[in-house]
Structure formats: structure tokens, C-alpha cells
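Line by line, the protein sequences are chains L and B.
Residue numbering for the first sequence is 3 to 320, as defined by my numbering.
Residue numbering for the second sequence is 42 to 509, as defined by my numbering.
Everything labelled a hint here was simulated from the structure, so no lab data went into it.
Please note that the accuracy of each hint is not assured.
Simulated pairs of lysine-lysine, DSBU-like, Cα-Cα distance not exceeding 35 Å [stated by the list, open to error]: (1) LYS73(B) <-> LYS148(L); (2) LYS246(B) <-> LYS263(L); (3) LYS250(L) <-> LYS253(B); (4) LYS126(L) <-> LYS75(B); (5) LYS125(L) <-> LYS74(B); (6) LYS142(L) <-> LYS75(B); (7) LYS83(B) <-> LYS141(L); (8) LYS73(B) <-> LYS88(L); (9) LYS74(B) <-> LYS88(L); (10) LYS84(B) <-> LYS126(L); (11) LYS263(L) <-> LYS253(B); (12) LYS142(L) <-> LYS84(B).
Restraint-style ranges between C-beta atoms, simulated for each label pair [claimed, not checked]: (13) GLU118(B) <-> GLY317(L): 46 to 56 Å; (14) GLN302(B) <-> LYS125(L): 42 to 52 Å; (15) ILE273(L) <-> GLY300(B): 18 to 28 Å; (16) PRO103(B) <-> GLU121(L): 15 to 25 Å; (17) THR156(B) <-> HIS118(L): 43 to 53 Å; (18) GLU79(B) <-> ASN96(L): 19 to 29 Å; (19) LEU456(B) <-> ASN66(L): 54 to 64 Å.
Just so you have them, the derived chain B footprint on chain L, three or more residues with Cβ under 8 Å [said to hold, decoys possible]: (20) 5-16; (21) 98-105; (22) 114-123.
Bear in mind that the values here come from a model prediction, so they are computed numbers and not experimental data.
By construction, the Cβ of each residue, glycine as well, lies at the ideal position given by its N, Cα and C atoms.
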Amino acid sequence: MLSRTAENLYWSARYIERADSIARLLEVAYRIHLIPNTSEGYLNEWESILSASGIKDEYLNNYNTISKNKIEYFLLFDPNNNSSVKSCIENARNNLKMVRTAVTLEVWNTINTWYHEIESHDKKKYDSRNLPQILDWIKKHVNLIKGTINNTQLMNDGFDFIYLGIFYERADFTARIIDVKYYILLPSSSYIGTQVDNFQWSMMLRSVSAYRGFKWAYGNTQIDYTKIIDFLILSDLCPRSIFYAVNKIRHHLNRLTTFYKSDNSAHRKMITIHKGLSNSTSEQIIEFGLHEFLTKLIDDMSTTYSDLEEIYFLGIDK
Amino acid sequence: MYNEVFEKKKPRKSYEDIVTWANSLPYSTLMKKKIEAENLFKKIGITFSVYNNFDSAERLIPFDMFPRIISKLEWIEIQEGVIQRSLAINAFLRDIYSKCEIIKAKKIPAELIYTNPAYEIKMVGVKVPYNIYSPIVGTDIIRTDSKSFRVLEDNCRTPSGVSYMIENREIMMRMFPELFEKINIEPVENYSSYLLDILKSLAPKKCEKDPKIVILTPGPLNSAYYEHSYLADTMGVELVQGSDLIVEDNITFMRTTQGKQRVDIIYRRIDDDFIDPLSFDETSVIGVPGLFHSYRSGYVNICSAPGAGIADDKAIYTYMPEIIRFYLGEEPKLPSIKTWRCSKPADKNYVLNNLKKLVVKEVHGSGGYGMLIGNSATQSKINIFKKKIENNPDNYIAQPILSLSSVPIFKKNLLTSRHVDLRPFTLIGNRKRKLVPGGLTRVALKEGSLVVNSSQGGGVKDTWVLRN
Chain L
3 MLSRTAENLY WSARYIERAD SIARLLEVAY RIHLIPNTSE GYLNEWESIL SASGIKDEYL
63 NNYNTISKNK IEYFLLFDPN NNSSVKSCIE NARNNLKMVR TAVTLEVWNT INTWYHEIES
123 HDKKKYDSRN LPQILDWIKK HVNLIKGTIN NTQLMNDGFD FIYLGIFYER ADFTARIIDV
183 KYYILLPSSS YIGTQVDNFQ WSMMLRSVSA YRGFKWAYGN TQIDYTKIID FLILSDLCPR
243 SIFYAVNKIR HHLNRLTTFY KSDNSAHRKM ITIHKGLSNS TSEQIIEFGL HEFLTKLIDD
303 MSTTYSDLEE IYFLGIDK
Chain B
42 MYNEVFEKKK PRKSYEDIVT WANSLPYSTL MKKKIEAENL FKKIGITFSV YNNFDSAERL
102 IPFDMFPRII SKLEWIEIQE GVIQRSLAIN AFLRDIYSKC EIIKAKKIPA ELIYTNPAYE
162 IKMVGVKVPY NIYSPIVGTD IIRTDSKSFR VLEDNCRTPS GVSYMIENRE IMMRMFPELF
222 EKINIEPVEN YSSYLLDILK SLAPKKCEKD PKIVILTPGP LNSAYYEHSY LADTMGVELV
282 QGSDLIVEDN ITFMRTTQGK QRVDIIYRRI DDDFIDPLSF DETSVIGVPG LFHSYRSGYV
342 NICSAPGAGI ADDKAIYTYM PEIIRFYLGE EPKLPSIKTW RCSKPADKNY VLNNLKKLVV
402 KEVHGSGGYG MLIGNSATQS KINIFKKKIE NNPDNYIAQP ILSLSSVPIF KKNLLTSRHV
462 DLRPFTLIGN RKRKLVPGGL TRVALKEGSL VVNSSQGGGV KDTWVLRN
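If we strip away everything but chain B, and leave its shape as in the complex, we get (with noise of 0.2 Å):
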């Protein structure tokens, strides 16, 4: 396991000083400053919801105060790596929805792609603005050793977290300014100015004026909610319902105070299903009617596209270094993780003889559900996952249990080792590119554990890029 904060018991260089101020920080001073930052959480409403469970109340995500640092050399590496990820990823979805390049060079499997349900065949031939499909990727990128880190994710339909990201700084900042006084840390706060920067770029062919954007939520009760209303309010754009918007003559409206407003571009945190029950699920009662007619005649454009979700499907993951040389001609800057898809007999062999070993991963699940970790798992889970597999191999994909890199957590007054992994949110614009230097730092706060899912007791850091 790699230890990012300590080498021999001794801190590494960009950590020099947060260890020396964690150390002399009073047990007293800690607990208080704890329970301060979990107040400001509260009060500002920072909360997320947890799908599957009985009890809908709202749920502070656990704060660790202690942060992770990224050095400027390493920030680069991952920044070069996760932009030319997201234009692959990009290049991809305009391809898969228009000639099929990719499959004519027989680089990715036929059926992989036309029978994938997140495949969405009314997009083909659909005329995206500027081919951008996906303006919003994020990346979710873990360390094994020193020397590189890995892709583990790509979530490039609504990734979410990038709030927690911002507020996470903003408490740090107010809980501890020494640290910011002494240490040059790049910010943050310029990310939703980034987004609607994007956002403009990317106006439908029909857009007259300036270009009218709304976010669309599912509503209060979705786990991201705050996130949603936190990036309308400082982007200074409606966040707007299903119900809050119409269709009339394949244009699209928003209902107001002084009747209806045209809307251009959305930035929709909802599911394709979920868009437009006369084009989708026919039954979803927070999509709107007709919008996917208005999106297709270029009255509207919806970000992500739909359709975008199958670029970040676990059995897509593994074509992923294939993808990047066919559309970029370069070879992938960040390393993905060896897979196994047991959609391929040897693999699933192999799979299969040595579960205890791997973590298996149902290629369509997400939140960390769905999923086995051979070593810490019961012979009985292992036998259900056994005749899962054999029952239905396409569905599955395996990799190595790799041991996340750890960075500690404060626990009572000492520092202990839990794992973390990153997640850098990218933007894709029309010739424009963002990324502010940072991203969201989740960890697992159990002892041991690699799930570090907030749906499944993980918890966030803040995440420095340093300047120099």
C-alpha cells in the first residue's frame, strides 16, 4: 500500500508542514474545531439523501479536517491525463452515434455497443451542438504506488460531488487561515464560473441571443439536490423541475411570473429515462414532454446528451486505451486497471478460480452496489457471485483488489491510515477546456475498507493542489 503522507515514518516533502500543524494541533482544539465544521455543514444545508434506505432524512457527509495534497508535478500528470480522456470520450459517443468508425475497425465488439442498454439508438444521427455529448466528466483516479495514478471510473453523465469539492474548501478556510496564510494553494471557487463558461459555448443552432441556461433536477429529494442549487445559485441560472418547463412547437419554455420564457441550454441532472416520457420512460412524471423532439430539431440542447451514459459503462472501460489511440493517436497519459470481462471464456475462467483475489464489479452497477471484494467476502457471498457469473458472464467485469493509496484521518487525537481516491471534474466546451486544480477527495473510514461510496460510509477531504 502506498503511503502518500509518510516514508519511513517521516512526512514526505509537500506534507512537511500539514503534519508538523496536525501534530501540534491540542486534542481540545480539534474536537471544537470538529464540531464547528460539522455545524456549518448543517446550517448551510450541505446534505445528501441515501437511495435503498428506509430513513429519508437528510445526512451530513462525513468532514475529515486533515487534507490531501496533490503536488503541482502530479497535478499536471493527472490534468493532461483526464483531459484527454474526456476528448476520447467525447470523440467516441459522436462516432458510436454516427458512423460507427470504431466498430468498421473492428476495435470494439458490435454487440458491446448495440446491445448495451445505455446504447440510446434515438440519438443516431441526432446533431449534437458542436459534438460536444459529454461536458462534464469526471474522473474517478486512485494511486497503487509512487509512481502513477490510475483510472479506476469514468462518469460522464451527471457526475456529482463537485460541490462538496467547493465547500470543503470554503470550511477549511474558514476553520483554519493560518494554513492558507502559510501555504500557496491553488483555489477552487472558479469552477462554477468555468461551467457556465462551457455551458455558453455550447448553445443549439437556433439560439438567437445570449443563450437562456437552466439546470434541470429530479428535485429536494434527490441525493444531490443541495449540489444542484448550489450550481444554479452561483452560476446565477433557474433550477428548473420537469413541471417548470413546456414544449410548445418544438421550442422550449419555462413557466414565469410573466408567462413563458425560452429556454436554450439545459444542464440536466436527471437520467435519460427520465428526460421525456413521450420519447423515454413514458412513465416519469419529472421529464418533459417533447423536449427530446425540441433537443433533435436544435431548439435546445440538454448536456449531457442522451445517450452519453454508455462511455462510462464498466465493460466500455476496458476498450478504453484502444479508444484513446484510435481517436487521438496518442497513448493513454493516465493507465487504466487491468480487467477481466468474463464476457470472454478465458477470462471468465480465470475469473472464476480466483475470485478470493479479485473484485468483481456488475458492468451496469454504480455507488459501489452490485459489487464483490474476494479477500474480505463470505464463502457464501463468494458462491452467490460464482453462479452469478455463470449464469450470466456479459454482466461482469473483474480486476485486481488493488490497495488504494492512504492519506490519515484525525481519529480522537491521532493520526491513522484510510484509504482515498480522487475525483477531478473536467469540462469540454466548444474549443474549450477547464479544469479547476482540485477535485473531491473521498475516503473510507472504516479501518481497512476500500468502498469509499458517501452511500456506503465514506467520507470527504479537502484536496490541495499546490502552486509551487
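Bound-form chain L, shown alone (with noise of 0.2 Å):
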């Protein structure tokens, strides 16, 4: 397979990932903004979602103000914003463009029809009263496309690309999003533990669909949030936990090892980050610190990223 096109083909589904990620997000604020603000803590949701998706900067240099309305037409629509799902999309069908061959009609059809579906939204003026039903929608189509892409495409290298765009995508945007949370809306370390902390823990399950999963993976018990890092980093039930995307990129890196018949190093340091996790509990993981744990894992997790970037997409030994 030409490196153009695996590169090409990862980049797509990080993309495509990626929009679902944020309609995820924007789910979660929508939720909370229907909740009454009486208790503290929350009430700079909309700034969190910006910060989530590490693009508050971004934002505040088109928008002087944060604004429900502004913040959910910068995070769908605008231009601007590199991230939004509309670039999103773009950039998962500009990327597929470039290999059309690459992937069968189907998986194309799928992607094609989106970005035109999300064109002709785009050109009606955005009305926050339409944002679930947009939401829904952005949804429905990254299930679409990862569906057609399980029944159609062959099963070949490029299957592996599109995969390790999605779990890098993912692993990064769990580990980011329990990051940003742990950190913002908790100012000060006197709320652990309270209401206000419960709801915060119970809202980040919804922002990766994972509330119900957790419900019946625990048993209904109350929420409590080392059960809920355990769940969202260490747990290989859920399918948005960091240690579900690392197995599956473990997974993929091990099939192209095999198919190409040549180990490398990305290979071989994602099996130790792999065996790190599995070997964690989250009290370890609290002890060390939640924060200087992720901050950890997504340096590791890069440079895997890097290695793996050097060998397929520029041809450089490892």
C-alpha cells in the first residue's frame, strides 16, 4: 500500500471520530444547560467543551463572548474552526478523496452523502432549537460509516489504517476529556467527593456514552468516581476506555507486524503501555495523581504515534 494512502486512510477516520466525539460533547452541555443552576461548579459548562476539545482559544479569537449559541454554531459549522464537525467532515472526505480506491463505494457513498447532507444544513441559519436532532444525525452517520466500513472493506492493511485512526482518536479525546474535567470543574479539591463531584462524574460517563454501560458493568450503585476511572481508563468492557482503544491499536499494530513481516518499535512500546494498564488499578492511579497519569499516557501514546508515522507514512526504519 502506498504511505500516502495509509496516512491519508488514518487521517480520515481520526476525523470521522472526531465528529462524533464532539456531538458527544455538545450532548453532555445540552443536558446540563436543561438542569437548573442551583448548585456550583458547572456553570461554565459551555467553556469546558471549548476546553475539552482544545480549541478555547481558537474561539475566543473569532467570539468576544461565551455564548451558548456562539459555541454550538463555532463547534458544527464554522469555518474557522479546524475542529468543528463540519471540518470535521470535510477533512475526513478530503483525506478519502485522495485514495478513493482505497475504500470500497460503499464506505465513499456513505462519507459523500454526509458532507452533502451537512452542506445543505449548513446553509440554513443555525437554530439552537434543531440542536438534537443535528446532534442525532452526526451520529448516526459516523455509525453508518464505521458499519459499512466493518461489512465491506477488505480486510487488508488499510482496514488496520483506518482503525488506528480511530482508536488514537479516541484514546486521546477519553484521556483529554477526563483530564479537562478533573480539572476544571473541580476548582478546588474541597468538592471531591460532594454532590456537585457526582453529577460532574456522572455527566463526563454521558459526554462518551458510557452511563448506562457503567450502570449495568458496576451493578446500580452509587457513582463514585474511582469506579468511574476504573470504567473510563483501565476497563476492557467499555468501549470508549483508554485501555480499549490501546488494546485495539495494540491489536492493529500487531496484525501490520505480522502482514508486512517486520516488528518495529511502535509495535513493541505499545505492548509495554498495554501492559502497564492492564497491571493499574485506579487507586494507583489516584495516588499518582489522575492528572500526571494522563499527562503521562498521552506523551507515551504519542510517541508511539510518531514512531508509527516514521515507518508507514515517511519510510524511515525504526
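Using the supplied hints, reconstruct the complex from the two chains, each of which is provided in its own coordinate frame.
Spelled out as C-alpha cells, the structure:
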């Protein structure tokens, strides 16, 4: 497979996953917005989703106030925002267009249709009341695309590069949202364990669409944040957990090294990260410091990505 | 004007079934199908971009559902004519880049070749695999009367449109399967496998194994990008850009996830100038440094060969009957169109005095740009061309204003006549010639217009060659 093809597949998949993540973030913000502001701590939810998606500065460059309507537009459609859902869809499609032949016609059709539909959504003036429908529409398309990939793509190396894109994006997103929530929404440690605190954690579960999953996995117990950390970082049951994504990345790197009959440092480093997570407990993570733990994990993951990039996309032996 | 469908208001034999069908189609069905067709094109992503246009967005090429029909006998005439022409073009290219017999025989003036910007001096003496310079030739054919088809233009660099030929058929079959059950229509879907077969037969000397073929594209912003990806996909070959290829020790490789992999045959869809910044235009960023040297050393074949474009130059076109006689010893099977070369004083005078009756074309222009259609142009435009011709007569040729034949399009619920041309695609390999029965019919959508180019408001139709 051409190096450029592999790279375009990887990025296309990352953008698809990112569009999905942003839709889920908006969904939580929307939900919080419907709950009366009686407690402290979550008043600035809108601001927090800008931080979680790493685009607060970009937003403030374009708008001077934080307002619900503007943020929604900024995250969904704004062409100035490189991570708006619309930009993600465009980027996903452009990357795929470069390598049209590497995906099936059905996969191309689903993404191309998605693109044409968001164009027509964007032509209308944005109306905040349509937010739930728009979010449903985005999530529906992402699921359709992933299903089409699973059902129609040849299970060759291209398939692995697509899934590497999806899971690198997911691991990064989940790590970032835990980190941001932990920091921004709990301005002082006195909140830990309070009503506000638990409410925030449950919102975080929702933001990665894992709320019900959590209830099923841990029984209908009181939400408690060691369990949530376990579920979102270490669980192999939760498809949004970091461990799940790491496990998948390891799996696809393993397939590639077997397929190409040549091992490499990205794969070896990923095995180490996987082993580290398998042997961790949420108590250890808390003791180490959640923020410190996540920062190190994000750093380690990006080292494996740089290796992967050099080996497969740039053709440098490692 | 020749009406291909009706003769004295009654449909000709080959069109009988389709006219009955078209007349019985309710308006509502027609509209529904039209939207369905557009959605299909959009969904599959069959789009093109327009050059010289500030709006770089992708556009759909307008598709008309009334098919263009060619009878079996008509097709045989076209087929023999375009194959003959393609063989002559390849023989001509081989000659002007080696012994130049045609110039020595004084059949064509030397300056027309040597001062032609499309003549590539670096190709002189290069050994081209099997002497096939232009394996893919698109011939633009028009019809002015009931008797014969005529050649308007040859395209032997990187002719495009073949994907429309195939997709137009796919869409018609999907929308109106009942027509295909009733009428025996030659299929066109074999084009990609023919092309693969032809390219495979042109492996360079130093290719040791089964040749590795790639298509070289300028990238997704090119107007024909959809076609490049379509062909790569249906042939099962990689679609590469310049940056994917590297030349080391004269051998051409592509960068893959498993390291470098050797490439033997490049079907290039980029222009000569951009192929290799070391040999041609040094500012090219879409080319491959060293590729031309690799080609010259026999490690890789580039199809079509650099410099092949001279054969479709409009000034050379006027000599095509001579070229066919000289190399093949045959009379041209498809006539050309009477052409005045402004480089000749007598012709120039005639042209200047009769501009209103003529079409004036720039010798090196394409895509319907730089053209004057005398009877519909304003006086000021005619004056501009007059000056242009006087200042640089060599740069212009003129032809009579031919009324292209017409085929109806659906306009609302009525059939109304529009002018059409036809571009079949001939494939020439090592001891192989292939041609799918069909071609691209382009149609001028504006009433009375003779310009069929998609960049200037032309549309397309499915083209049916009948089996019996």
C-alpha cells in the first residue's frame, strides 16, 4: 500500500471519530443546560467543552463572549474552527478523496452523502432548537460509516490504518476529557466527593456515552469516582475506555507487523503501554495523581504515533 | 443540419423504440428520474472542476437521459476510421522522433514540426517500448450529413471522458432496465480491462517480472480526478501522485508502507511539462525528479510518451490525410474537415475576408477556449480576431461553420434538438488494438450552440451501439 494512502486513511478515520466526539460533548453540554443552576461548579459547562476539545483560544479569537448559541455554531459549522463537525467531515472526505480507490464505493458513498447533507444543513441559518436532531444525525452517520467499513472493506492493511486512526483519536479524546473535567470543573479539592462532584462524574460518563454501560457493568451502585476512573481508563468492557482503545491499537499494530513480516518500535512500545495499563488499578492512579498519570499516558501514546508515522507514512526504518 | 433521430418527423429505424418510449414517459416520471440520476452522480462523486473559474467547487456534469444511438454499420465505419488514425498517429510520432522520413519526403513542412511547441526535442532518439507513443487516443467525431462521420480533432495526450462513458451507462441501466431488456446494446464496461491489457503489453525492456502499473495524477484538484481514481479502482492499480514516486539509480519506485516498490509502467494523466522538474519545467511540484532519465534508460514506460501531443496539434491535423497515406498507404476512412491554415498567405486572405462564415481556432488551444464562431460573434470580437490573425497568422486555422448533427434532449416534457459530437477511445498496444463499442456523446445544452465542451455548458448522453 502507498504510504500516502495509509496516511490519508488514518487521518480520514481520525476526523470521523472526532466529529462523533464533538457531537457527544455538545450533547452533554445541552443536557446540563436543561438542569437548573442550583449548585456550583458546572456553571461554565460551555466553557469547559471548549477546553475539552482544545479550541478555547481559537474560539476567543473569533468571538468575544462565551454564549451557548455561538459555541454551538462554532463547534458544529464554523469554517474558522478546524475541529468543527463540518470541518471534520470535510477533512475526512478530502483525505478519502485523495485515496478514493482504497475504500469501497459504499464507504465512499456514506461519507460523501454525509458531506453533502451537512452542506445543506449549513445553508440554513443556525437554530439552536434543532441541536438534538443535528446531533442525532451526526452520530447516526458516524455509526453508518463505521458499519459500512466493517461490512464492506477488505480486511487488509488499509483496514488497520483506518482503525488505528479511530482508536488513536478515541484514546486521546477520552484522556483529554477526563483530564479537563477533573481540572476545570473541580476548582478546589473541597468539592471532591460532594454532590457536585458526583454529578460531574456522571456527566462525564454521558459525554463518552458510557452512562448506562457503567450502570450495567458495576451494578446500580452509587456513582463513585474510583469506579469511574476504572471504567473509563482501565476497563476492557467499555468501548470508550483508554484501555479498550490501547488494546485495539496494539491489535492493529500486531496485525500490521505480522502482515508485513517486520516488527517495529511503535508496536513494541504499544505492548509496554498495554501491559502497564493491565497491571494498574484506579487506586494506584489516584495515588500517582490522575492528571500526572494522564499526561504521561498521552505523552507515551504520542511517541508511539511518531514512530508509526515515521515507519509507515514516511518510510524511515525504526 | 442532420437530424440523427427524425426524418420528416418520423423516427429513423434505429430510434423507433426509444422515441416511442420517450413519448410514453409521463412528465412526473421523467422529473423523478432526472433527480434520481443527479443524486446518483452526486453520491458516487462523479464531478469535475472548471479551470479559469473563481468558484473551484465541484460541479456535476449535466446528464441528459435521451440516449444517442449508433447502428452497427455506422459503428463499423467509425471503428475502422479511428483505428486507422491511431495507427497513423503512432507511426508519425515514431518517425518525427527518429528518421523524419515524412519531412524528407516533403509531405509536411519541417518548420511545422521543429518550431512546434509540442515537439519535444529531448525525445529524439529515445527508444519507446514497441514504438507505441500514444496508446490511448480519443477522437472527436462529428456528423454533418447522412453519409459520413468526420474527424474534428484528435486527442493523444491524456484524453478524458471515458469514465463518463461508463458511468452514463451504469446510470441508464439502473434507471431504465426495461430498455436494455428490449434493445440489444453493446456493453462498454470492458474498457478498464482492455486498458489494463494494453498497458501491460507495453512493459519496458528492463522490466523483469509481471509489470507493475500505476496511474499518475496531479491530485484531487484536477478536473478529471474522478476519472483517474475510477480507472485506478477498476483496473486494480495504485493511483499515485508525483510525491509518491522516487527515482534511485535510474529505477522508479513508489513509497509504500513496506518500503520502496518498483514501478514499470506509468499511465500518466499529467502534462508533459510537469512530468519531471529535472528535464522539463523546473518549477513543477507535481512531477518526479529523474523520471525522464529512468524512462530513457528503459526502466520505466511513460504512457503516453512525452512529446506525443504534437500529433493532436491543430496545425498537424490539417496534414492528417497525408500522414495516413504516407505511413499506411491507405486512403483515410474518416474524412477530415476542410481547413484553412492562416500560415499560408492565400488561406489567410480567404479567412480574413470570410470571418463571418468560419470557425477560427488557435492552433494550440483546447477545451473550446480561444475560438471564434463567425456567425454568432459580435463585430468587435471579429475585429479582435482579425488583428490577432494578422499579427500572428501561424497561430490560427479556420474551418467552415459546420452544423453538427442533432439528437433531442428532454426539456421539461418535450424533446428538443441539440447539437452533439462523439468521442470514442481507441487503445493501441503491442500487436493489439482495442476499442469498446461506444464513446462519449457530448451535447451542447444551449439552443443552437455548437460548443459541446463541459467547461462551457455542455452535457453528456449515454451512447448506444446496437448489436444488430
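Right, here's what the structure says about each hint:
1. LYS73(B) <-> LYS148(L): holds, 31 Å
2. LYS246(B) <-> LYS263(L): Holds, at about 31 Å.
3. LYS250(L) <-> LYS253(B): Measuring from Cα to Cα gives roughly 34 Å; hence the hint holds.
4. LYS126(L) <-> LYS75(B): Between LYS126(L) and LYS75(B) the Cα gap is close to 25 Å, so the pair holds against 35 Å.
5. LYS125(L) <-> LYS74(B): holds, 25 Å
6. LYS142(L) <-> LYS75(B): holds, 28 Å
7. LYS83(B) <-> LYS141(L): holds, 22 Å
8. LYS73(B) <-> LYS88(L): Measuring from Cα to Cα gives roughly 30 Å; hence the hint holds.
9. LYS74(B) <-> LYS88(L): holds, 30 Å
10. LYS84(B) <-> LYS126(L): holds, 21 Å
11. LYS263(L) <-> LYS253(B): This hinted pair holds, its Cα atoms lying about 22 Å apart.
12. LYS142(L) <-> LYS84(B): Cα-Cα ~18 Å, so holds.
13. GLU118(B) <-> GLY317(L): 46 to 56 Å: This hint holds: roughly 53 Å between Cβ atoms.
14. GLN302(B) <-> LYS125(L): 42 to 52 Å: Holds: the Cβ-Cβ distance is about 45 Å, inside 42 to 52 Å.
15. ILE273(L) <-> GLY300(B): 18 to 28 Å: holds, 23 Å
16. PRO103(B) <-> GLU121(L): 15 to 25 Å: holds, 20 Å
17. THR156(B) <-> HIS118(L): 43 to 53 Å: holds, 49 Å
18. GLU79(B) <-> ASN96(L): 19 to 29 Å: Taking Cβ atoms as reference, GLU79(B) and ASN96(L) lie about 22 Å apart, which means the hint holds.
19. LEU456(B) <-> ASN66(L): 54 to 64 Å: The hint (54 to 64 Å, Cβ to Cβ) holds, given that LEU456(B) and ASN66(L) are roughly 60 Å apart.
20. 5-16: holds (count 4)
21. 98-105: It holds, with 5 qualifying residues against the three required.
22. 114-123: Holds, because 3 residues of the stretch 114-123 of chain L bring their Cβ atoms closer than 8 Å to Cβ atoms of chain B.
Of the numbered hints listed earlier, not one is contradicted by the structure.
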